[in-house]
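**Q** Chains A and B, in that order, are what the protein sequence lines are. If you count the first sequence from 1, position 157 lands on 157 in full-length UniProt numbering, and the numbers rise without skipping. If you count the second sequence from 1, position 222 lands on 222 in full-length UniProt numbering, and the numbers rise without skipping.
Heads up, some of the hints might be wrong.
You can't tell identical chains apart in this list, so a pair holds if it fits in one copy or across any two.
Using 30 Å as the maximum straight-line C-alpha spacing, the simulated DSBU-like pairs for lysine-lysine come out as follows [as the list claims (entries may be wrong)]:
| id | residue 1 | residue 2 |
| --- | --- | --- |
| 1 | Lys-87 | Lys-207 |
| 2 | Lys-312 | Lys-35 |
| 3 | Lys-171 | Lys-261 |
| 4 | Lys-3 | Lys-38 |
| 5 | Lys-170 | Lys-103 |
| 6 | Lys-171 | Lys-103 |
| 7 | Lys-261 | Lys-35 |
| 8 | Lys-112 | Lys-261 |
| 9 | Lys-112 | Lys-309 |
| 10 | Lys-309 | Lys-10 |
| 11 | Lys-261 | Lys-105 |
| 12 | Lys-171 | Lys-87 |
| 13 | Lys-309 | Lys-262 |
| 14 | Lys-112 | Lys-312 |
| 15 | Lys-309 | Lys-103 |
| 16 | Lys-112 | Lys-3 |
| 17 | Lys-147 | Lys-105 |
| 18 | Lys-41 | Lys-112 |
| 19 | Lys-309 | Lys-38 |
| 20 | Lys-112 | Lys-234 |
| 21 | Lys-261 | Lys-87 |
| 22 | Lys-88 | Lys-112 |
Everything labelled a hint here was simulated from the structure, so no lab data went into it.
Residues per chain, in single letters:
Protein chains: 2
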Amino acid sequence: MPKITDVAHKAGVSVTTVSRVLNNRGYISEATRDKVYKAMKDINYQPNELARSLYRRKSNTIGLIVPNVSHPFFSELTYYLEHFAHKKHYKLLLCNSNRDVNKEKEYIELLKQNQVEGVIMGSQVLEVENYLNLNLPIVSFDRALSKNIPVVTSDNYLGGKLASDLLIKKKCEDIAYIYGGIGGPHHTALLANDRYQGFLEGIKTRKDQISLITKELNTSEIESMVEEVSEFLKINPTIDGIFASSDIIASTIIQACYRLKKAIPDDLKIIGYDGVELSTVITPPLTTISQPLEKLSELTIDLLIRQIKGEKVPFNNLLPVSLVERGTT
Amino acid sequence: MPKITDVAHKAGVSVTTVSRVLNNRGYISEATRDKVYKAMKDINYQPNELARSLYRRKSNTIGLIVPNVSHPFFSELTYYLEHFAHKKHYKLLLCNSNRDVNKEKEYIELLKQNQVEGVIMGSQVLEVENYLNLNLPIVSFDRALSKNIPVVTSDNYLGGKLASDLLIKKKCEDIAYIYGGIGGPHHTALLANDRYQGFLEGIKTRKDQISLITKELNTSEIESMVEEVSEFLKINPTIDGIFASSDIIASTIIQACYRLKKAIPDDLKIIGYDGVELSTVITPPLTTISQPLEKLSELTIDLLIRQIKGEKVPFNNLLPVSLVERGTT
Numbered sequence: 001m002p003k004i005t006d007v008a009h010k011a012g013v014s015v016t017t018v019s020r021v022l023n024n025r026g027y028i029s030e031a032t033r034d035k036v037y038k039a040m041k042d043i044n045y046q047p048n049e050l051a052r053s054l055y056r057r058k059s060n061t062i063g064l065i066v067p068n069v070s071h072p073f074f075s076e077l078t079y080y081l082e083h084f085a086h087k088k089h090y091k092l093l094l095c096n097s098n099r100d101v102n103k104e105k106e107y108i109e110l111l112k113q114n115q116v117e118g119v120i121m122g123s124q125v126l127e128v129e130n131y132l133n134l135n136l137p138i139v140s141f142d143r144a145l146s147k148n149i150p151v152v153t154s155d156n157y158l159g160g161k162l163a164s165d166l167l168i169k170k171k172c173e174d175i176a177y178i179y180g181g182i183g184g185p186h187h188t189a190l191l192a193n194d195r196y197q198g199f200l201e202g203i204k205t206r207k208d209q210i211s212l213i214t215k216e217l218n219t220s221e222i223e224s225m226v227e228e229v230s231e232f233l234k235i236n237p238t239i240d241g242i243f244a245s246s247d248i249i250a251s252t253i254i255q256a257c258y259r260l261k262k263a264i265p266d267d268l269k270i271i272g273y274d275g276v277e278l279s280t281v282i283t284p285p286l287t288t289i290s291q292p293l294e295k296l297s298e299l300t301i302d303l304l305i306r307q308i309k310g311e312k313v314p315f316n317n318l319l320p321v322s323l324v325e326r327g328t329t
Numbered sequence: 001m002p003k004i005t006d007v008a009h010k011a012g013v014s015v016t017t018v019s020r021v022l023n024n025r026g027y028i029s030e031a032t033r034d035k036v037y038k039a040m041k042d043i044n045y046q047p048n049e050l051a052r053s054l055y056r057r058k059s060n061t062i063g064l065i066v067p068n069v070s071h072p073f074f075s076e077l078t079y080y081l082e083h084f085a086h087k088k089h090y091k092l093l094l095c096n097s098n099r100d101v102n103k104e105k106e107y108i109e110l111l112k113q114n115q116v117e118g119v120i121m122g123s124q125v126l127e128v129e130n131y132l133n134l135n136l137p138i139v140s141f142d143r144a145l146s147k148n149i150p151v152v153t154s155d156n157y158l159g160g161k162l163a164s165d166l167l168i169k170k171k172c173e174d175i176a177y178i179y180g181g182i183g184g185p186h187h188t189a190l191l192a193n194d195r196y197q198g199f200l201e202g203i204k205t206r207k208d209q210i211s212l213i214t215k216e217l218n219t220s221e222i223e224s225m226v227e228e229v230s231e232f233l234k235i236n237p238t239i240d241g242i243f244a245s246s247d248i249i250a251s252t253i254i255q256a257c258y259r260l261k262k263a264i265p266d267d268l269k270i271i272g273y274d275g276v277e278l279s280t281v282i283t284p285p286l287t288t289i290s291q292p293l294e295k296l297s298e299l300t301i302d303l304l305i306r307q308i309k310g311e312k313v314p315f316n317n318l319l320p321v322s323l324v325e326r327g328t329t
């Protein structure tokens, strides 16, 4: 069986040059390249490893782009996505975009080059055109990219509604909605904004008795968030109910109450959002709107693989959320 | 030399379709794909692009095996590993082993098949032989696999020592070490066991005045851990200082104190381990032994890539830890 040294000898070049042609590395003139290819063909040089990848059609790899896998929500999502991808014999290439346009663009190029079979997009700052030109099956998570790209999300509107209903039931009258923080400013396409709409709708039914104030956090650093919330609560001492747009934000509100010696839930009731493990770990355990992360992940993988197989899938995929009452309400 | 148009003509499909098959993009039925491959073979079509990927040996991909990326420690580790891999133009294939021997074995096979260039092993239940047979550059994280496999870890012994020194300084006399929990029973190779040895060494200097009791948690479920710790504290009501082997365990101790109405730090002082973001999010914020996760990750990637390039690297790579005092001591 012919070897790389035979190719080099036949082509009249060094083994290093053949290797460079094979690996497509370094500068090789077109003439040299042709000579090497001709030699390979002449002596029928075809290692098995090559032959195998020659007709390999499938990479069985899915690309996942998230803002930051160390965020509790995305770490649990990533865990479940990998779990269900593995069950279907797919591997997961993980990309953290840090919500940076350039890094996102770079990752999309990289995923195309590496021939992933599909992409799960959990981060989105780029213009939609970049995704439509991807020419790859894609599922968007929690972000409406375009009418032509399937999106999986939980019922954010219902989540907001459940939160307002509970605060009203608990007789809160001076209510705040606190959002932003981790992950920076919300993109307009972020479906999580529906949380606020649902919450507002619930509050409106009692608008004669209830005052609502909204507060956007300007930082994503925990200590600064606690300080920002503390200041907010000092300026607004009568607030007796808060809906936070994430469990992380809710945890910083608990810390602010601890500093200000406000009793939870007696002085102030708090509802978080996401239902990640963090909500069970903090003290007191957090009342929260729980997203069905396991089911959302299973559905995302299913929709992506069905597209990879050439099937058409529905564009809007909405799963219900649920209220989990714990120690903060 | 045959062209892509010849393939299209021979297969009776459009050039776009041939291109899609070659690039493994878009929706192509199995039948069409077969037709195109047959045409390519019949007319001996070998495009440069294909030849390129054919002969390309480098995948620029690193395989990462962790027990569970949703655990705060591993999610932050994964974030930093991806960050530094990306900086060196490597991608990360993520595998969650769930500490399951079969899944770990399956992943190792899969990583070999997919020709990752190296493996980072953050989970290890398999026999060492399986890793020695891997024939791939490997770096073990926090687990001593064998004398022949480089390991990156933080100074667990020092961490334990710092914890005992602080509890002694804070005049604790009835001390407990609580470990286990999340992730199940510790494997003997787990270097984290050194934490206990360092802690013990510190306690020994005052053994005439201090009593030490160790408690292994038998569950990895948060609510059960809180119950187990509560029971333990009820049976041992005089305990005034606890060193927990992780921040997660420390957070369940805080919850148990909340239930039993023990004041932190007045009645009971608590020190965690890891220094993950969770330690800043819980109330009161946790005093903890902080592992230098960013530096550990950078070193891990560096050692792996140096091995991929054929360099020899040191086997023992130990980075210092630091004490971060917050509200629980």
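**Q** A separate judgement is required for each hint: does it hold in the structure or not?
**A** Going through the hints against the structure:
no.	hint	in the structure
1	Lys-87 x Lys-207	neither (49 Å within a copy, 52 Å between copies)
2	Lys-312 x Lys-35	between (46 Å within a copy, 23 Å between copies)
3	Lys-171 x Lys-261	both (21 Å within a copy, 27 Å between copies)
4	Lys-3 x Lys-38	both (15 Å within a copy, 17 Å between copies)
5	Lys-170 x Lys-103	neither (45 Å within a copy, 47 Å between copies)
6	Lys-171 x Lys-103	neither (46 Å within a copy, 50 Å between copies)
7	Lys-261 x Lys-35	neither (73 Å within a copy, 73 Å between copies)
8	Lys-112 x Lys-261	neither (53 Å within a copy, 56 Å between copies)
9	Lys-112 x Lys-309	both (18 Å within a copy, 25 Å between copies)
10	Lys-309 x Lys-10	between (44 Å within a copy, 25 Å between copies)
11	Lys-261 x Lys-105	neither (46 Å within a copy, 52 Å between copies)
12	Lys-171 x Lys-87	neither (47 Å within a copy, 52 Å between copies)
13	Lys-309 x Lys-262	neither (56 Å within a copy, 58 Å between copies)
14	Lys-112 x Lys-312	within (21 Å within a copy, 33 Å between copies)
15	Lys-309 x Lys-103	both (29 Å within a copy, 26 Å between copies)
16	Lys-112 x Lys-3	between (32 Å within a copy, 23 Å between copies)
17	Lys-147 x Lys-105	within (21 Å within a copy, 42 Å between copies)
18	Lys-41 x Lys-112	both (29 Å within a copy, 25 Å between copies)
19	Lys-309 x Lys-38	between (37 Å within a copy, 20 Å between copies)
20	Lys-112 x Lys-234	neither (51 Å within a copy, 58 Å between copies)
21	Lys-261 x Lys-87	neither (49 Å within a copy, 45 Å between copies)
22	Lys-88 x Lys-112	both (21 Å within a copy, 19 Å between copies)
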